[in-house]
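Taken in sequence, the protein lines are chains A and B.
For the record, in the first sequence the residue sitting at position 176 is 176 according to our numbering, with numbers rising by one throughout.
For the record, in the second sequence the residue sitting at position 140 is 320 according to our numbering, with numbers rising by one throughout.
What the hints contain is simulated information worked out from the structure, not anything from laboratory work.
You may find that some hints are simply not true.
[Unchecked claim] Listed below are the simulated DSS-like cross-link pairs for lysine-lysine, each with C-alpha atoms no more than 25 Å apart in a straight line: (1) A:Lys17 with B:Lys220; (2) B:Lys344 with A:Lys112; (3) B:Lys220 with A:Lys132; (4) A:Lys177 with B:Lys220.
It should be emphasised that the depicted structure is a prediction, and the values quoted were computed from it without experimental measurement.
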Amino acid sequence: MVEENQGSPYTNLSFKKRKMKRNKLGQEEMIGFAMIIIIVAVVVLVFIGFSIRNQQTENVESYEVESFLQSALQYTTDCENNLERFSVQKLIFACYSKEQCLDGRKSCDALKDEMTKMLNESWRIGEERPVKGYDLIIRTDKNESILGLSQGEITSNSKGAVQDFARGERLIEIIFKAYY
Amino acid sequence: MVMKNKFGQLKIQQMAFMLMAITLFFALVGMFFLTIQVSKIRESASVLEEKNALLLVTRLANSPEFSCGNSFGITAISCVDSDKIMALKNKAEDYNGFWGTSNIEIRKIYPATNPVECTSSNYPNCNIIKINEEEIESEYSNFVSLCRKEIANGQTYNKCELAKLMAGYNG
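Given the sequences, and given the hints that come with them, work out the whole structure.
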């Protein structure tokens, strides 16, 4: 009876159909699995991409910038009072105290003028140069702004340093960032 | 019986593919993390290299032959006495190999003027002081404050300018 059934064309057709159905099921499983892997891989890649991008925006401490700030503070300006010629560091305090230079200029104007020229000579910016821009902030510990200078474009890759100095109870903070 | 075997084979094949895919997937993820770690290490290595090079130059600037000391009323770091350097320039041969550098140059960058090398006849109206002049393979530079005593209206005052100290090395 069994042999008769196996040999019949009807039985052969249903067997083929079942086989095809099983093969199709297996293929669908594999495609599904591949799709899951692709989706997970894409999610992981997006996550990694974001984490790398966040790391790049972090400010890298730079010894060159630190040396620049230390040297710039010692620079002797052409603003003077009856006693001495001001260094940049003393000129910052003079600006904070709203003092005037002996030649009648405001100390803040002299400070801005000197710092702008000094930055332009020391950190030359341009498309073909490594430095794309810079940002200088001079402020007190109470967040009172003394001077802010910025030029060029702000990129995600920067090197910077902070320099603090005090006179009496007043603490001044200079923050400089160079963008590459 | 043959059908069951075939179905089993298919299942084993499926599992083998799945295992291979999982291994491949984790290998790829591992490679990504490895790449990130390697790039982080490279970044810190370049920062360390920069730090070492700049510290070397800073050490040079703070050596007694270069540094301002207390002559300018302040004990500042990265402050170079240009009068000392000019005296040293004339004795450069005595210091051959002393600092481990092949070339030492101080270049005034602010206020900017046309490049003129300093000699005993044109000093201080110049902006480049060369101490040693040898062929170099690598050069490191850092900002320094170049100070000297200046006289104006019969009074002496400290004149500090912004410069770059460049140290060149062979090998």
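A quick look at each hint next to the structure:
The suggested pairing of Lys17 (chain A) with Lys220 (chain B) is violated, with an alpha-carbon distance near 57 Å, which exceeds 25 Å. For the hint linking Lys344 (chain B) to Lys112 (chain A), the alpha-carbon distance of about 22 Å falls within 25 Å, and the restraint holds. For a cut-off of 25 Å, the pair hint linking Lys220 (chain B) to Lys132 (chain A) stands: about 23 Å separates their Cα positions. A C-alpha spacing of about 21 Å is found between Lys177 (chain A) and Lys220 (chain B), which places the hinted pair at or below 25 Å, so the restraint holds.
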